[in-house]
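Asks: Please put together the full structure from these sequences, using the hints given.
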Amino acid sequence: MQIFKKLNSHFLKSVLVLVSGTVLAQAIGYLVSPFLTRIYSAEEMGELGMYMRLVGFFSALATARFELAIPLPKSDNNSFLLYKLSLRITKMVLLSLMVLLILFYFIKPLRLNEFVFGVFTIVSTLFVVYINLGTNWSIRKSYFKKISHQRIINSFTANGLKWVFGIFSMGSFGLILATLIGFIFSSFGFIRHFFRLNNKFKSNYSIKRIKLLAIEYKQFPKVNLPHVLVDLGRDLLIALLIVVFFGKNIFGLFNHSYMILKLPMVIVGASIGQVFFNKCSILVQQGKSTYGLMRRTLIILFCLSIFPFSIIFFYGEPLFAFVFSIDWSQSGYYSEIMTIWLMMNFLISPISSLPLVLKRQREFFFIGLFASISQIICFVIYPFFWGGSEDVFISMLWVLSISQAIILFGVICITLFYSKKGVRKN
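Residue numbers (this note's numbering): 265 to 690.
FYI, nobody ran anything at the bench for these hints, they're computed from the structure.
Virtual Cβ for every residue (Gly too), placed ideally from N, Cα, C.
Please note that the accuracy of each hint is not assured.
[Said to hold, decoys possible] Derived BS3-like pairs: lysine-lysine, alpha-carbon spacing no greater than 25 Å straight-line:
#1 K526 with K410
#2 K338 with K405
#3 K464 with K405
#4 K410 with K464
#5 K338 with K684
#6 K348 with K543
[As the list claims (entries may be wrong)] Estimated spans, in silico, between C-beta atoms of each pair:
#7 I431 with E480: 51 to 59 Å
#8 F673 with I371: 32 to 40 Å
#9 R560 with F368: 27 to 35 Å
Replies: What follows is the structure, given as C-alpha coordinates:
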(Lines of atoms letter the chains of each structure in order from A and count residues from 1; the text may use other names and numbers.)
(Lines give C-alpha, C1' and ligand atoms only; values in the text may rest on other atoms or scores of the structure.)
Protein backbone atom coordinates (compact mmCIF):
# COMPACT_ATOMS: atom_id res chain seq x y z
CA MET A 1 0.00 0.00 0.00
CA GLN A 2 2.87 2.33 0.79
CA ILE A 3 4.12 2.04 -2.79
CA PHE A 4 0.79 3.25 -4.17
CA LYS A 5 0.69 6.16 -1.73
CA LYS A 6 4.09 7.32 -2.88
CA LEU A 7 2.98 7.44 -6.50
CA ASN A 8 1.60 10.74 -7.63
CA SER A 9 -2.22 10.63 -7.44
CA HIS A 10 -2.49 12.27 -10.87
CA PHE A 11 -0.28 9.53 -12.31
CA LEU A 12 -2.60 6.83 -10.96
CA LYS A 13 -5.70 8.71 -12.08
CA SER A 14 -4.29 9.08 -15.61
CA VAL A 15 -3.37 5.39 -15.72
CA LEU A 16 -6.87 4.41 -14.57
CA VAL A 17 -8.47 6.56 -17.29
CA LEU A 18 -6.31 4.94 -19.98
CA VAL A 19 -6.62 1.44 -18.54
CA SER A 20 -10.41 1.64 -18.26
CA GLY A 21 -10.74 2.63 -21.92
CA THR A 22 -8.14 0.11 -23.04
CA VAL A 23 -9.70 -2.70 -20.99
CA LEU A 24 -13.09 -2.01 -22.55
CA ALA A 25 -11.57 -1.85 -26.04
CA GLN A 26 -9.66 -5.10 -25.57
CA ALA A 27 -12.58 -6.78 -23.80
CA ILE A 28 -14.64 -6.29 -26.97
CA GLY A 29 -11.87 -7.92 -29.01
CA TYR A 30 -11.37 -10.87 -26.71
CA LEU A 31 -15.10 -11.47 -26.21
CA VAL A 32 -15.46 -11.69 -29.99
CA SER A 33 -12.25 -13.74 -30.40
CA PRO A 34 -13.77 -17.15 -29.43
CA PHE A 35 -16.36 -16.64 -32.18
CA LEU A 36 -13.74 -15.55 -34.71
CA THR A 37 -11.52 -18.59 -34.07
CA ARG A 38 -14.50 -20.78 -34.90
CA ILE A 39 -15.14 -18.87 -38.16
CA TYR A 40 -11.59 -18.24 -39.42
CA SER A 41 -8.76 -20.76 -39.83
CA ALA A 42 -5.26 -20.45 -38.36
CA GLU A 43 -3.94 -19.66 -41.86
CA GLU A 44 -6.41 -16.77 -42.30
CA MET A 45 -5.52 -15.40 -38.87
CA GLY A 46 -1.86 -15.71 -39.86
CA GLU A 47 -2.43 -13.53 -42.95
CA LEU A 48 -3.98 -10.87 -40.71
CA GLY A 49 -0.90 -11.13 -38.47
CA MET A 50 1.39 -10.56 -41.47
CA TYR A 51 -0.64 -7.50 -42.53
CA MET A 52 -0.45 -6.03 -39.00
CA ARG A 53 3.32 -6.49 -38.94
CA LEU A 54 3.68 -4.68 -42.28
CA VAL A 55 1.48 -1.78 -41.12
CA GLY A 56 3.47 -1.51 -37.89
CA PHE A 57 6.77 -1.44 -39.79
CA PHE A 58 5.67 1.19 -42.35
CA SER A 59 3.94 3.43 -39.76
CA ALA A 60 7.21 3.60 -37.78
CA LEU A 61 9.23 4.31 -40.94
CA ALA A 62 6.75 6.93 -42.22
CA THR A 63 7.26 9.48 -39.41
CA ALA A 64 10.98 8.87 -38.82
CA ARG A 65 9.85 8.56 -35.15
CA PHE A 66 9.49 12.34 -34.76
CA GLU A 67 6.01 11.70 -33.31
CA LEU A 68 7.67 10.45 -30.12
CA ALA A 69 9.26 13.89 -29.66
CA ILE A 70 5.86 15.65 -29.59
CA PRO A 71 5.46 15.48 -25.77
CA LEU A 72 8.98 16.83 -25.13
CA PRO A 73 9.22 20.55 -26.18
CA LYS A 74 8.26 23.15 -23.58
CA SER A 75 6.08 25.15 -26.01
CA ASP A 76 2.97 23.82 -27.76
CA ASN A 77 3.99 25.68 -30.93
CA ASN A 78 7.26 23.74 -31.22
CA SER A 79 5.42 20.53 -30.45
CA PHE A 80 2.90 21.14 -33.23
CA LEU A 81 5.70 21.91 -35.68
CA LEU A 82 7.03 18.41 -34.95
CA TYR A 83 3.51 17.13 -35.63
CA LYS A 84 3.58 18.85 -39.05
CA LEU A 85 7.09 17.60 -39.77
CA SER A 86 5.99 14.01 -39.08
CA LEU A 87 3.04 14.36 -41.46
CA ARG A 88 5.21 15.82 -44.21
CA ILE A 89 7.65 12.91 -43.99
CA THR A 90 4.72 10.47 -43.93
CA LYS A 91 3.29 11.83 -47.18
CA MET A 92 6.65 11.44 -48.94
CA VAL A 93 7.22 7.90 -47.66
CA LEU A 94 3.72 6.64 -48.47
CA LEU A 95 3.73 8.26 -51.91
CA SER A 96 7.03 6.50 -52.64
CA LEU A 97 5.59 3.17 -51.47
CA MET A 98 2.52 3.61 -53.66
CA VAL A 99 4.68 4.39 -56.72
CA LEU A 100 6.79 1.27 -56.04
CA LEU A 101 3.66 -0.85 -55.67
CA ILE A 102 2.26 0.39 -59.00
CA LEU A 103 5.61 -0.21 -60.73
CA PHE A 104 5.73 -3.76 -59.35
CA TYR A 105 2.17 -4.31 -60.55
CA PHE A 106 3.14 -3.55 -64.16
CA ILE A 107 6.82 -4.60 -64.31
CA LYS A 108 6.54 -7.84 -62.31
CA PRO A 109 2.82 -8.60 -62.59
CA LEU A 110 1.20 -9.04 -59.19
CA ARG A 111 -2.05 -10.87 -58.77
CA LEU A 112 -5.00 -8.58 -58.08
CA ASN A 113 -5.35 -9.81 -54.49
CA GLU A 114 -1.64 -9.07 -53.87
CA PHE A 115 -2.02 -5.55 -55.28
CA VAL A 116 -5.13 -4.93 -53.14
CA PHE A 117 -3.23 -6.24 -50.09
CA GLY A 118 -0.47 -3.69 -50.81
CA VAL A 119 -2.95 -0.81 -51.22
CA PHE A 120 -4.72 -1.77 -47.97
CA THR A 121 -1.36 -1.83 -46.17
CA ILE A 122 -0.38 1.66 -47.38
CA VAL A 123 -3.80 3.20 -46.66
CA SER A 124 -3.85 1.56 -43.21
CA THR A 125 -0.42 3.01 -42.50
CA LEU A 126 -1.68 6.54 -43.18
CA PHE A 127 -4.51 6.25 -40.65
CA VAL A 128 -2.28 4.53 -38.08
CA VAL A 129 0.15 7.48 -38.39
CA TYR A 130 -2.70 9.90 -37.62
CA ILE A 131 -3.62 7.75 -34.60
CA ASN A 132 -0.01 7.72 -33.37
CA LEU A 133 0.43 11.48 -33.84
CA GLY A 134 -2.88 12.24 -32.15
CA THR A 135 -2.03 9.90 -29.29
CA ASN A 136 1.33 11.60 -28.64
CA TRP A 137 -0.26 15.06 -28.75
CA SER A 138 -2.89 13.80 -26.29
CA ILE A 139 -0.13 12.45 -24.04
CA ARG A 140 1.48 15.89 -24.08
CA LYS A 141 -1.79 17.61 -23.13
CA SER A 142 -2.91 14.81 -20.77
CA TYR A 143 -6.01 14.15 -22.91
CA PHE A 144 -6.08 10.56 -21.76
CA LYS A 145 -9.86 10.23 -22.17
CA LYS A 146 -9.48 11.03 -25.87
CA ILE A 147 -6.98 8.18 -26.27
CA SER A 148 -9.36 5.80 -24.49
CA HIS A 149 -12.32 6.84 -26.65
CA GLN A 150 -10.42 6.27 -29.89
CA ARG A 151 -9.31 2.81 -28.76
CA ILE A 152 -12.88 1.83 -27.95
CA ILE A 153 -14.09 3.07 -31.35
CA ASN A 154 -11.33 1.10 -33.11
CA SER A 155 -12.05 -2.11 -31.22
CA PHE A 156 -15.84 -1.92 -31.53
CA THR A 157 -15.73 -1.19 -35.27
CA ALA A 158 -12.98 -3.64 -36.29
CA ASN A 159 -14.16 -6.59 -34.20
CA GLY A 160 -17.81 -6.14 -35.07
CA LEU A 161 -16.99 -6.12 -38.78
CA LYS A 162 -14.66 -9.13 -38.47
CA TRP A 163 -17.58 -11.11 -37.07
CA VAL A 164 -19.98 -9.88 -39.78
CA PHE A 165 -17.49 -10.53 -42.60
CA GLY A 166 -16.76 -13.96 -41.14
CA ILE A 167 -20.43 -14.91 -41.34
CA PHE A 168 -20.25 -14.12 -45.07
CA SER A 169 -17.08 -16.27 -45.40
CA MET A 170 -14.88 -13.40 -46.58
CA GLY A 171 -11.74 -15.05 -45.19
CA SER A 172 -8.53 -13.11 -44.64
CA PHE A 173 -9.79 -10.31 -46.92
CA GLY A 174 -12.64 -9.69 -44.46
CA LEU A 175 -10.26 -9.66 -41.49
CA ILE A 176 -7.98 -7.10 -43.14
CA LEU A 177 -10.83 -4.92 -44.45
CA ALA A 178 -12.44 -4.84 -40.99
CA THR A 179 -9.13 -3.82 -39.41
CA LEU A 180 -8.64 -1.02 -41.96
CA ILE A 181 -12.14 0.35 -41.34
CA GLY A 182 -11.41 0.27 -37.60
CA PHE A 183 -8.28 2.38 -38.15
CA ILE A 184 -10.25 4.89 -40.25
CA PHE A 185 -13.02 5.33 -37.66
CA SER A 186 -10.50 5.54 -34.80
CA SER A 187 -8.46 8.26 -36.52
CA PHE A 188 -11.41 10.62 -37.22
CA GLY A 189 -11.26 12.32 -33.81
CA PHE A 190 -7.52 12.89 -34.07
CA ILE A 191 -7.74 14.17 -37.66
CA ARG A 192 -10.50 16.63 -36.72
CA HIS A 193 -8.41 17.84 -33.76
CA PHE A 194 -5.38 18.24 -36.04
CA PHE A 195 -7.24 20.69 -38.32
CA ARG A 196 -8.30 22.74 -35.28
CA LEU A 197 -4.69 22.86 -34.12
CA ASN A 198 -3.57 23.76 -37.62
CA ASN A 199 -5.82 26.83 -37.63
CA LYS A 200 -4.65 27.79 -34.15
CA PHE A 201 -0.91 27.63 -34.91
CA LYS A 202 -1.05 28.67 -38.58
CA SER A 203 0.44 32.11 -37.92
CA ASN A 204 3.43 30.54 -36.11
CA TYR A 205 4.36 28.19 -38.95
CA SER A 206 8.07 28.44 -39.79
CA ILE A 207 10.13 26.26 -42.12
CA LYS A 208 13.28 27.52 -40.45
CA ARG A 209 11.97 26.57 -37.02
CA ILE A 210 10.98 23.11 -38.27
CA LYS A 211 14.53 22.57 -39.54
CA LEU A 212 15.95 23.64 -36.17
CA LEU A 213 13.60 21.26 -34.34
CA ALA A 214 14.55 18.45 -36.72
CA ILE A 215 18.19 19.05 -35.79
CA GLU A 216 17.39 19.31 -32.06
CA TYR A 217 15.55 15.98 -32.08
CA LYS A 218 17.74 14.26 -34.67
CA GLN A 219 18.36 11.35 -32.28
CA PHE A 220 14.86 10.07 -33.04
CA PRO A 221 15.45 9.34 -36.77
CA LYS A 222 19.16 8.63 -36.28
CA VAL A 223 18.93 6.22 -33.35
CA ASN A 224 15.35 5.45 -32.32
CA LEU A 225 14.15 4.82 -35.89
CA PRO A 226 16.83 2.18 -36.62
CA HIS A 227 16.08 0.68 -33.20
CA VAL A 228 12.35 0.31 -33.82
CA LEU A 229 12.88 -0.80 -37.43
CA VAL A 230 15.19 -3.52 -36.14
CA ASP A 231 12.47 -4.64 -33.69
CA LEU A 232 9.61 -4.49 -36.19
CA GLY A 233 11.75 -5.83 -39.01
CA ARG A 234 12.70 -8.74 -36.76
CA ASP A 235 9.02 -9.54 -36.11
CA LEU A 236 8.29 -9.34 -39.84
CA LEU A 237 11.28 -11.51 -40.75
CA ILE A 238 10.39 -14.07 -38.06
CA ALA A 239 6.85 -14.27 -39.47
CA LEU A 240 8.26 -14.89 -42.96
CA LEU A 241 10.72 -17.51 -41.67
CA ILE A 242 7.97 -19.41 -39.83
CA VAL A 243 5.77 -19.38 -42.94
CA VAL A 244 8.65 -20.55 -45.18
CA PHE A 245 10.08 -23.26 -42.89
CA PHE A 246 7.06 -24.40 -40.86
CA GLY A 247 3.99 -23.30 -42.86
CA LYS A 248 1.12 -20.83 -42.56
CA ASN A 249 -0.81 -23.00 -40.10
CA ILE A 250 1.96 -23.03 -37.48
CA PHE A 251 2.50 -19.30 -37.97
CA GLY A 252 -1.23 -18.70 -37.41
CA LEU A 253 -1.14 -20.71 -34.16
CA PHE A 254 2.07 -18.98 -33.03
CA ASN A 255 0.73 -15.52 -33.89
CA HIS A 256 -2.53 -16.15 -31.99
CA SER A 257 -0.57 -17.32 -28.95
CA TYR A 258 1.76 -14.32 -29.16
CA MET A 259 -1.15 -11.86 -29.35
CA ILE A 260 -2.96 -13.44 -26.38
CA LEU A 261 0.20 -13.27 -24.25
CA LYS A 262 0.57 -9.61 -25.19
CA LEU A 263 -2.92 -8.91 -23.81
CA PRO A 264 -1.67 -7.68 -20.39
CA MET A 265 0.87 -5.51 -22.22
CA VAL A 266 -1.84 -3.96 -24.38
CA ILE A 267 -4.42 -3.52 -21.61
CA VAL A 268 -2.20 -2.29 -18.79
CA GLY A 269 1.37 -1.94 -20.05
CA ALA A 270 0.68 0.48 -22.91
CA SER A 271 -1.52 2.70 -20.74
CA ILE A 272 1.04 2.83 -17.93
CA GLY A 273 3.77 3.39 -20.51
CA GLN A 274 2.05 6.43 -22.03
CA VAL A 275 1.49 8.04 -18.63
CA PHE A 276 5.02 7.04 -17.58
CA PHE A 277 6.43 8.79 -20.67
CA ASN A 278 4.43 11.92 -19.83
CA LYS A 279 5.58 11.99 -16.20
CA CYS A 280 9.22 11.23 -17.06
CA SER A 281 9.24 14.08 -19.59
CA ILE A 282 7.97 16.45 -16.89
CA LEU A 283 10.51 15.20 -14.32
CA VAL A 284 13.39 15.67 -16.77
CA GLN A 285 12.17 19.17 -17.71
CA GLN A 286 12.20 19.99 -13.98
CA GLY A 287 15.69 18.55 -13.56
CA LYS A 288 14.52 15.69 -11.30
CA SER A 289 15.45 11.99 -11.26
CA THR A 290 13.26 9.37 -12.93
CA TYR A 291 14.72 6.47 -10.90
CA GLY A 292 12.10 6.46 -8.14
CA LEU A 293 9.17 6.53 -10.56
CA MET A 294 10.70 3.76 -12.65
CA ARG A 295 11.41 1.48 -9.68
CA ARG A 296 7.88 1.84 -8.31
CA THR A 297 6.39 1.31 -11.76
CA LEU A 298 8.34 -1.95 -12.16
CA ILE A 299 7.09 -3.25 -8.80
CA ILE A 300 3.49 -2.48 -9.73
CA LEU A 301 3.92 -4.16 -13.13
CA PHE A 302 5.33 -7.29 -11.49
CA CYS A 303 2.42 -7.50 -9.04
CA LEU A 304 -0.07 -7.07 -11.88
CA SER A 305 1.54 -9.69 -14.14
CA ILE A 306 2.45 -12.60 -11.87
CA PHE A 307 -1.08 -14.07 -11.56
CA PRO A 308 -2.28 -14.02 -15.21
CA PHE A 309 1.03 -15.27 -16.58
CA SER A 310 1.15 -18.07 -13.98
CA ILE A 311 -2.32 -19.23 -15.05
CA ILE A 312 -1.21 -19.37 -18.70
CA PHE A 313 2.03 -21.18 -17.79
CA PHE A 314 0.21 -24.02 -15.99
CA TYR A 315 -3.08 -24.21 -17.91
CA GLY A 316 -2.50 -22.60 -21.32
CA GLU A 317 -3.31 -25.63 -23.49
CA PRO A 318 -6.67 -26.63 -21.89
CA LEU A 319 -7.69 -22.97 -21.58
CA PHE A 320 -7.15 -22.29 -25.27
CA ALA A 321 -8.98 -25.49 -26.23
CA PHE A 322 -11.97 -24.48 -24.09
CA VAL A 323 -12.10 -20.80 -25.09
CA PHE A 324 -11.06 -20.87 -28.75
CA SER A 325 -12.01 -24.47 -29.71
CA ILE A 326 -9.95 -27.65 -29.81
CA ASP A 327 -8.32 -26.54 -33.09
CA TRP A 328 -6.38 -23.91 -31.11
CA SER A 329 -5.13 -26.11 -28.23
CA GLN A 330 -1.64 -26.25 -29.74
CA SER A 331 -1.58 -22.45 -29.68
CA GLY A 332 -2.19 -22.73 -25.92
CA TYR A 333 0.82 -25.02 -25.59
CA TYR A 334 2.96 -22.45 -27.40
CA SER A 335 1.69 -19.89 -24.87
CA GLU A 336 2.87 -22.03 -21.96
CA ILE A 337 6.36 -22.11 -23.47
CA MET A 338 6.53 -18.36 -24.18
CA THR A 339 5.11 -17.20 -20.81
CA ILE A 340 8.42 -16.39 -19.12
CA TRP A 341 9.63 -14.45 -22.18
CA LEU A 342 6.51 -12.33 -22.63
CA MET A 343 6.15 -11.68 -18.90
CA MET A 344 9.59 -10.06 -18.98
CA ASN A 345 8.49 -8.22 -22.13
CA PHE A 346 5.44 -6.94 -20.23
CA LEU A 347 7.67 -5.59 -17.44
CA ILE A 348 9.97 -3.72 -19.79
CA SER A 349 7.47 -2.46 -22.36
CA PRO A 350 6.01 0.49 -20.33
CA ILE A 351 9.47 1.76 -19.37
CA SER A 352 10.95 1.37 -22.87
CA SER A 353 10.33 5.08 -23.56
CA LEU A 354 12.81 6.12 -20.86
CA PRO A 355 15.87 6.04 -23.18
CA LEU A 356 14.11 8.66 -25.36
CA VAL A 357 13.67 11.01 -22.42
CA LEU A 358 17.21 10.42 -21.11
CA LYS A 359 18.76 10.68 -24.60
CA ARG A 360 20.17 7.16 -24.32
CA GLN A 361 18.77 5.82 -27.60
CA ARG A 362 22.20 4.90 -28.95
CA GLU A 363 23.02 2.50 -26.11
CA PHE A 364 19.63 0.82 -26.28
CA PHE A 365 19.79 0.51 -30.06
CA PHE A 366 22.76 -1.86 -29.76
CA ILE A 367 21.05 -3.79 -26.95
CA GLY A 368 17.93 -4.18 -29.11
CA LEU A 369 20.04 -5.17 -32.11
CA PHE A 370 21.69 -7.94 -30.10
CA ALA A 371 18.31 -9.25 -28.86
CA SER A 372 16.88 -9.20 -32.39
CA ILE A 373 19.84 -10.99 -33.96
CA SER A 374 19.69 -13.70 -31.29
CA GLN A 375 16.00 -14.32 -32.11
CA ILE A 376 16.56 -14.47 -35.87
CA ILE A 377 19.49 -16.87 -35.43
CA CYS A 378 17.16 -19.27 -33.57
CA PHE A 379 14.58 -19.17 -36.36
CA VAL A 380 17.24 -19.81 -39.03
CA ILE A 381 19.54 -22.39 -37.37
CA TYR A 382 16.90 -24.77 -36.02
CA PRO A 383 15.00 -25.43 -39.28
CA PHE A 384 18.24 -25.35 -41.31
CA PHE A 385 19.85 -28.18 -39.29
CA TRP A 386 16.85 -30.10 -37.94
CA GLY A 387 14.07 -29.49 -40.48
CA GLY A 388 10.63 -27.91 -40.37
CA SER A 389 8.65 -30.32 -38.18
CA GLU A 390 6.44 -29.14 -35.32
CA ASP A 391 8.69 -30.90 -32.77
CA VAL A 392 11.63 -28.81 -33.99
CA PHE A 393 9.49 -25.66 -33.72
CA ILE A 394 8.56 -26.48 -30.10
CA SER A 395 12.19 -27.19 -29.16
CA MET A 396 13.26 -23.91 -30.77
CA LEU A 397 10.51 -22.03 -28.90
CA TRP A 398 11.82 -23.25 -25.52
CA VAL A 399 15.36 -22.10 -26.29
CA LEU A 400 14.08 -18.77 -27.59
CA SER A 401 11.83 -18.10 -24.59
CA ILE A 402 14.49 -18.77 -21.95
CA SER A 403 17.26 -16.85 -23.75
CA GLN A 404 15.03 -13.81 -24.39
CA ALA A 405 13.86 -13.73 -20.77
CA ILE A 406 17.50 -13.58 -19.61
CA ILE A 407 18.31 -10.81 -22.10
CA LEU A 408 15.26 -8.74 -21.08
CA PHE A 409 16.15 -9.07 -17.40
CA GLY A 410 19.54 -7.61 -18.26
CA VAL A 411 17.85 -4.75 -20.15
CA ILE A 412 15.76 -3.91 -17.06
CA CYS A 413 18.93 -3.72 -14.94
CA ILE A 414 20.64 -1.48 -17.52
CA THR A 415 17.57 0.79 -17.71
CA LEU A 416 17.58 1.18 -13.91
CA PHE A 417 21.27 2.09 -14.07
CA TYR A 418 20.69 4.84 -16.66
CA SER A 419 17.64 6.18 -14.81
CA LYS A 420 19.95 6.76 -11.84
CA LYS A 421 22.63 8.32 -14.02
CA GLY A 422 20.15 10.77 -15.61
CA VAL A 423 20.01 12.65 -18.91
CA ARG A 424 22.97 12.49 -21.25
CA LYS A 425 24.72 15.86 -21.37
CA ASN A 426 25.03 17.31 -24.88
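Asks: Hints first: check each against the structure and report whether it holds.
Replies: Outcome of the hint check:
For a cut-off of 25 Å, the pair hint linking K526 to K410 stands: about 23 Å separates their Cα positions. Restraint check for K338 and K405: satisfied, since their Cα atoms lie roughly 11 Å apart, inside the 25 Å limit. At roughly 15 Å between alpha-carbon atoms, K464 and K405 fall within 25 Å of each other, so this suggested pair holds. With a C-alpha separation of about 19 Å, the suggested pairing of K410 with K464 holds against the 25 Å cut-off.
At roughly 23 Å between alpha-carbon atoms, K338 and K684 fall within 25 Å of each other, so this suggested pair holds. Of the supplied pair hints, the one linking K348 and K543 holds, its CA atoms being roughly 24 Å apart against a limit of 25 Å. Our hint of 51 to 59 Å for I431 and E480 holds, since their Cβ atoms are close to 52 Å apart. Separated by about 48 Å at the C-beta atoms, F673 and I371 break the suggested range of 32 to 40 Å.
A hinted range of 27 to 35 Å for the beta carbons of R560 and F368 is inconsistent with their spacing of about 51 Å.
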